[in-house]
Structure formats: C-alpha cells, structure tokens
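Sequential numbering from 0 applies to the sequence shown in numbering that gives the first Met the number 0.
Rather than coming from a laboratory, the hints here were simulated on the basis of the structure.
This one's a predicted model, so the numbers in the text were calculated from it and none came from an experiment.
Using N, Cα and C, we set each Cβ at its ideal position, and we do this for glycine too.
Please note: incorrect hints may appear among the correct ones.
DEER-style ranges, computed between Cβ atoms [said to hold, decoys possible]: (1) T75 x D110: 27 to 37 angstroms; (2) T82 x P59: 12 to 22 angstroms; (3) S106 x E48: 15 to 25 angstroms; (4) K79 x S106: 24 to 34 angstroms; (5) Q66 x T44: 33 to 43 angstroms; (6) E43 x N69: 23 to 33 angstroms; (7) S106 x F70: 30 to 40 angstroms; (8) T75 x Q103: 23 to 33 angstroms.
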Amino acid sequence: MRSLVLLSALVALVSSEEVKLSLRDDLDVLVALTDGGTHYGNPETGCQEDETAFAINGVPGKICAPQCTNFQPCPTDVPKGCTATPTCALKSPNGATYCALVCQPGSLGDDQCGADADCQPISNVGICTYGGDL
C-alpha cells in the first residue's frame with residue numbers, strides 16, 4: 000500500500016449529522032449523506048449508496064468517498080477521464096477508513112481528476128474535489 004504524506008486541515012460543516020473523519024489521523028472532515036451517481040462522482044449530483052460526501056476546510060470543493068478496509072480495497076471505477084489514484088486515505092476516529100482520489104497538484108496539461116473535478120493541493124499531494132475551482 001502506498002504511503003501518503005500526512006495532511007492537516009480543519010473541520011467543515013456539511014450536514015446536520017456530524018461525523019468527524021481524518022486523513023490518516025490529521026485531516027478532519029464532516030459527513031453529508033447522499034446517494035446516486037458514480038464512485039468518486041460529484042456530491043452535488045449524488046454519491047453511490049456505499050459512499051459518503053465530504054468537505055474539507057482549507058481544501059476547496061467536496062468529494063464522494065467509499066469505505067475501504069484491508070479486505071475491501073477502493074473501487075477502481077473512476078469518473079470519465081480521471082487518471083488519479085483511488086487510495087484508502089481518510090480515517091475516522093473510530094478507525095473506519097475511506098477512499099479518495101489522490102492526485103499530483105500542479106501537473107500541467109494533465110486533467111487527473113476528469114473534466115468536472117480539480118486536483119486541490121494539500122501538503123505535498125492533492126485530492127480531487129468538485130466545485131472548488133483553483
């Protein structure tokens with residue numbers, strides 16, 4: 000499994016039901032539940048039934064994230080045109096882990112996140128998000 004640089008950010012409120020998660024211990028996010036769409040799709044149009052929508056303070060936009068474990072890897076059905084890597088990168092305080100599309104920010108001419116999402120930088124990596132223009 001690839002190791003990720005630990006990232007940090009503050010919590011963003013996206014729903015009335017609050018569930019705090021972290022990017023492998025350091026990135027706090029809150030949950031908004033939706034359904035529909037495709038894996039890693041735009042939360043505005045709905046996430047898959049097995050996904051949760053997240054917003055991360057300090058990182059523009061939102062993501063749909065499926066849960067992952069050592070025995071349940073991240074789904075590989077990414078949005079059209081996306082070349083970013085599905086990575087088990089988010090972790091909740093109770094130990095639940097979630098996938099995110101990890102990209103390399105600043106890669107010129109490479110639309111890693113597909114046509115509708117952007118690679119948002121955080122530390123030395125990036126996360127594909129929707130609705131967070133650069």
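Review point. Which numbered conditions among the earlier hints are violated in the structure presented, ordered from lowest to highest?
Key: Violated hints: 1, 3, 4, 5, 8; rest satisfied.
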